[in-house]
Amino acid sequence: MTKSPKYLLDVNVLIALLSEDHMHHQLATDWFVASPGLQWAICSFTEAGFLRYATRPRPGQITMNDATAILAKITQHSGYHYEALSTDWRTMTKPFFQRLFGHKQITDAYLLGLAINHGLTLVTFDKAILHLAGEHRSHVLVLSESEAGKRITQ
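According to the numbering used here, the residues represented by the sequence shown are 74 to 227, in order.
Any given hint could turn out to be false.
[Said to hold, decoys possible] Straight-line Cα separation of at most 30 Å, BS3-like style, residue types lysine-lysine; simulated pairs:
#1 Lys146 - Lys76
#2 Lys177 - Lys79
#3 Lys200 - Lys76
#4 Lys167 - Lys79
#5 Lys79 - Lys200
Please keep in mind that the hints were generated in silico from the structure rather than gathered at the bench.
Start from the sequences and build out the full structure, keeping to the hints where you can.
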């Protein structure tokens, strides 16, 4: 019997899942509901990323209370667990540190390191994370139109 993977949602997937007007909302939703028994997680980085996005100044901006309530509601979905960050930067990024090259990879690096160190699969729309992951690509699932319709059987 193959052990079902546990998925760590990237910030971009969480935002798409919770924002009906996001260009990838349907893609994220289709993947999220594609398999009964899906085991998934968020962490402090994904929470903070969603809250920052949801409460940014713009027409139709929502309050911090509303954004926090949306986040709390998604955690009631079956298969959810919270993945705590308990490892330092050097340990977290050691498996791929030589491929880090810029400030825009900081969140990606933490999430990828968390996935690798905790035996999770990082779900993202960002194909560039595959390069960062290198030989640890098995810890990354890049969602695309072709992935969304598949049943999750890994």
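A quick look at each hint next to the structure:
{"no.": "1", "hint": "Lys146 - Lys76", "verdict": "27 Å, holds"}
{"no.": "2", "hint": "Lys177 - Lys79", "verdict": "26 Å, holds"}
{"no.": "3", "hint": "Lys200 - Lys76", "verdict": "25 Å, holds"}
{"no.": "4", "hint": "Lys167 - Lys79", "verdict": "22 Å, holds"}
{"no.": "5", "hint": "Lys79 - Lys200", "verdict": "20 Å, holds"}
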